[in-house]
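Assembly of the complex is requested from the two constituent chains, each provided in isolation within its own frame, with the hints serving as guidance.
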Amino acid sequence: MSFPWANHYTPSHPVMKWMDEKLPLPRLVYNAVGAGYPVPRNLNYMWNFGVLAGFCLMLQIVTGVILAMHYAANAGVAFASTEHIMRDVNWGWMLRYAHANGASAFFVVVYLHIFRGFYFGSYKAPREMIWLLGVVIFLLMMATAFMGYVLPWGQMSFWGAKVITGLFGAIPVVGEPIQQWLLGGFAPDNAALNRFFSLHFLLPFVIAGVVILHIWALHIPGSSNPTGVEVKSESDTVPFHPYYTAKDGFGLGVFLLIYCAFLFFMPNQLGHPDNYIPANPLSTPAHIVPEWYFWPFYAILRAFTFDIFFIPAKLMGVLAMFSAILVWFFLPWLDNSPVRSGHYRPMFKKFFWILVIDMAVLFYCGGAPAEEPFVMMSQIATAYYFLHFLVVLPLVALMEKPKPLPFSITEAVLGSDDAAKLAAKS
Amino acid sequence: MNRLIASVAVGLFFVLSVLAAFVSGAYTAITEPAQETVEHAFHKTPKELHLASDGPFGRFDKQQLQRGFQVYSEVCSACHSLKYVAFRDLEQLGYNEAEVKAIAASKQVPGVDPNTGEANTRPGLPTDYFPSPYPNDIAARAANNNAVPPDLSLMTKARHEGPAYVYSLLTGFTNQPKALLERFPDAKTPEGLHYNPYFANLNLAMAPPLTDGQVTFADGSPSTVDAMSKDVAAFLVWTAEPSLDKRKQTGWPVLGFLLFATVLSYLAYRNIWAEKKAKH
Chain A
1 MSFPWANHYT PSHPVMKWMD EKLPLPRLVY NAVGAGYPVP RNLNYMWNFG
51 VLAGFCLMLQ IVTGVILAMH YAANAGVAFA STEHIMRDVN WGWMLRYAHA
101 NGASAFFVVV YLHIFRGFYF GSYKAPREMI WLLGVVIFLL MMATAFMGYV
151 LPWGQMSFWG AKVITGLFGA IPVVGEPIQQ WLLGGFAPDN AALNRFFSLH
201 FLLPFVIAGV VILHIWALHI PGSSNPTGVE VKSESDTVPF HPYYTAKDGF
251 GLGVFLLIYC AFLFFMPNQL GHPDNYIPAN PLSTPAHIVP EWYFWPFYAI
301 LRAFTFDIFF IPAKLMGVLA MFSAILVWFF LPWLDNSPVR SGHYRPMFKK
351 FFWILVIDMA VLFYCGGAPA EEPFVMMSQI ATAYYFLHFL VVLPLVALME
401 KPKPLPFSIT EAVLGSDDAA KLAAKS
Chain B
1 MNRLIASVAV GLFFVLSVLA AFVSGAYTAI TEPAQETVEH AFHKTPKELH
51 LASDGPFGRF DKQQLQRGFQ VYSEVCSACH SLKYVAFRDL EQLGYNEAEV
101 KAIAASKQVP GVDPNTGEAN TRPGLPTDYF PSPYPNDIAA RAANNNAVPP
151 DLSLMTKARH EGPAYVYSLL TGFTNQPKAL LERFPDAKTP EGLHYNPYFA
201 NLNLAMAPPL TDGQVTFADG SPSTVDAMSK DVAAFLVWTA EPSLDKRKQT
251 GWPVLGFLLF ATVLSYLAYR NIWAEKKAKH
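If you read the sequences in order, they're chains A and B.
Every letter in the first sequence is one number past the one before it in this note's numbering, and letter 406, counting from 1, is 406.
Every letter in the second sequence is one number past the one before it in this note's numbering, and letter 6, counting from 1, is 6.
For reference, chain B alone in the conformation it holds in the complex (with noise of 0.2 Å):
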């Protein structure tokens, strides 16, 4: 009995703390409801994608990966870094070792001077990994009204829906609606700033970077912003998992000799037990 007292008391402890909490939480809401955010009322989820990479069955297209490459290099690279990424990995989008070679060579990356011991440049080897565009992040901070362009290698696995994150930003620069400055006078866009509602806080410090036209693909692929976007999209999926690939053709033959273990164990199992099981 006394342990019933006991275990009722302590149990009521806890039940009426935390009713106290509930019955405050609740006054609180009554009296001072909360506040709708700006952020709340207009930040949108990202619009729809869909990628030649997507469910269990997709697989890269690597034509687009070679033109979503491009637009990195040409466009993206001025300020993102690509550091988990070597020049290597790209034979993984098609190119041969020479066609390699040459992209590394085409940029300069941190090396040292053979008979000075200085710090300079050389030409990269496939073997370097992409060269950052900015010494340090203080400089890039300096160079970007005092945000830092962050790493792209693993952007699509660092936002929820990550792709449909990056497609939907690239192309969702807007003006600011109208009904958002009645609602939120406060909550105009700073100077320096841009309206994006798929961005968190509705105003990313890039400015819209692509415009119609701006790359040539080899390919004679169209440029439009949109379809760059999309090409943009589908090369980060390759450079934040680029064994993608590879886990799913990995994949299926495991899970196929799972499901025939699986019925063999099952048989072997209702066979031993066949007669220890009731008979109806």
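Looking at chain A on its own, in the form it has when it is part of the complex (with noise of 0.2 Å):
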């Protein structure tokens, strides 16, 4: 679908007539990130982070299937090829930096897309299906980095996965068998190593195509923007390209000068040093802590410590950090405030920034040990991270009343729209 005004695709040199007859894929581009798809014309920067999202998938698609070139997936050699790789390989270090922070860079871009989709309300009608495809390819994400995580065989490599496929053991009376499944053993092995790397190299391109669908999705009811106001008329929008191609060329540079400056001048920062330790089943770490992008949710897992009823604490968190994920997927039915946009809501408003303190809150204790205060901090968070989403959203849906809304786009951005005098008179 596009709007009635959007360029159409007429190729005038012979050999793209051709191809348009044959496979109108020029016209497909043309119509998906081209001339063809017509944007509302006031996004602003927190619109950039969608296509930078596509360019880390690509990104480490690329380099991940470079490094699979050189990696060994056995417990025996595994850490010894990442070490080839860093030190042996021509190019190597740069290769597995470059697939480290890009992790890195991909989790912090996505997380600042579903904080614009929280703030903006880009999960509501008509875009419920962008948001519940963007929950898969989050929840995928998660599930390809952990495995990614694990294919170094360093000490963090093993425990986390002790420690990740542990939580099934909780699932009571099948969880043994189901953890046992999972890893092919009692504990991370050889077996486990191979399916984790066979699955890392197989979830990217899933990713891939949910992507796709969730790109496709888009294209039906078309961009939402920092209004929240639909496009009424032509002059709402501008074609994708060239002003949104130049658009997020910009936001493309700035982006790679800062995860450049990482991958070059601290590629470890992001990282934990007993990963550069071998595996060994003997040894426990210290504090077993996942990657960065975990904390908040490992924060939530490690809240509960308290059996309620004939609940066991240990389900109870595991049924909490998954539920923290899987309540995103009823957010647009759960907030029904008719206005999408956060600038007009101001009691959403204060609350979207308290979510953002708690989320901060619950990284910061998700990386910090398991200690007091540590615990009892992530214990309020993880409260109110409850009751943001289950109870507050739906609360001040009702209650809260709205700011008015601009006429259109073109009045948000211009201060007067042709269109609305011509409203206002007849």
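Check before you lean on any hint, since a few could be wrong.
[Unchecked claim] Here are a few chain A residues that face chain B, going by a calculated C-beta distance under 7 Å: (1) P242; (2) A246; (3) K247; (4) G249; (5) F304; (6) F306; (7) L315; (8) V375; (9) M377.
To be clear, the hints were calculated from the coordinates, so they are not data collected in a lab.
As the structure is a computational prediction, the values presented were derived from the model and not from experiment.
All residues carry an ideal CB built from backbone N, CA and C; glycine is no exception.
Right, here's the structure in full:
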């Protein structure tokens, strides 16, 4: 779908005409991310992160495929083969650091993309499907990143794998058989490493597939925008190319500057030193922590330290950790306010920023050792997290009095809209 | 309305169970305050250490790396392996081909007798990796009071503040403070271990390895424990990441190009959007 005023693809070169008849791939690109896709003219920089996330996915696939040419997924040599990449493969150190920091960059970008959605109500009708597919992508990313971290077979790889697969052991009755089935043994070993490598190679392509669905679903209603007011006329939009290709080009430049600063000057800043120690099943690290992008959810997992009737604390933690993400699937129906953008929702806006602070506290506690006061801090923060999504959002939608919305995107940008004057006259 | 009741109920379920955990945790914290541990009270974070390779402009000081290598060869290598480093890598420290061959040949590496096929040892070649001082972990454990001396190749990347940690550990051996034994009478360093406040659990199987004047440096540098420890730390930064110089050398042109490209793309963006922006 597109707006009636969208540019039409009209190839002039004979080769392109021939191509358009046989396989209209250029037409598809033209309509998807070219001049044929009209986009609201008022998108701010928070709308750069979708393209950047797509870039990160491609970066991870390219660097990952090359790394897989040199890596050996065998528990006996995995650690040494990683060092072989770092020392003996031409530019191997750059590829590996690009891939490891690329994962972090991907999560930074995706978290910003998700919080953009939270604030501007991008999940609301008619864009629920885009949001649902986005949450699926996020879950797939988490699984992929977790399995990728296991591959170097360092101490955190091994113990991370043990802790995360141990979560399935918390399921009553069938938990332990499931855990052993997932690992192919009683503890992470060669069988687990091999299947994690296989899945780590497969899942990015599954993500790419869901990304295509995500973009397809996006093109049906078109992009949302900071006012949350839907597109009304041609003056509300600009063609994606050259307007947003240019803006995304600038965004990509800024992103690459920050990313390369990490890659070349502090490539181990976001990693844990223990992963440069080869995996040793007989020596437990003092503090087992996952990669930083899992910290908020790791804090929620560890916040449940008290058995609730017949539910053991560990199972409660696992339930809560998964629910913390699954609740996002219900977001379009939890927040019933007809106004999308947080700009026009004074009460929602305050709670949004409390959620941001709350996530920061969870992040901090997730990286800290499981001691007081961090556990108590994460308990309060976890309570607010669930309160926010399941209680605050539905109630705010009922009670809040939103500010008046602009007539149109054009009016929001230019201060007046000819279409609005016409509507007022008639 | 049903939807609202359902979501509030689910929300309160999670909120109340985590608050129950909070209350029980708070009760425990008040009734049984956590005991201060000896590690928490007496463990020290590493001393400050500045090396030539620090920072975005830092480069290896090859003289220092050679000195560090000498200390490793003459002292550390008696117990610690360096298994990810090959003799050929030493050319990066400024040794020429003949010197590398001589260094390699001075070490015995595991080999096979070409006539009988029996395992033996032979002089090393530049393509060989540094040999391990022990045939296996069991032998290493047996010779070292039940502690395996860790491989040093990646040591400076495998500890928080790695280079400073190595330097602090080597210079940090001391007698147990009196205050420690007064507060924690049970925490006396066991027989065969050595007190070192920079080690995670304070008691280390390694005896103080360095003494003043132990090594004679060809360049006449002082061989105090402090100086040798710095040199070894610098050398181990290199063994952990031989590509460090190349990485930083590559980084600057990359950042320069990206900055230039980003400025251009910003100007292109402003130019393309000039007519669409609100004019105030």
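Going down the list of hints, with the structure as the test:
no.	hint	in the structure
1	P242	holds, 5 Å
2	A246	holds, 4 Å
3	K247	holds, 5 Å
4	G249	holds, 4 Å
5	F304	holds, 6 Å
6	F306	holds, 4 Å
7	L315	violated, 11 Å
8	V375	holds, 6 Å
9	M377	violated, 10 Å
Going through the hint list in order, the structure does not satisfy hints 7 and 9.
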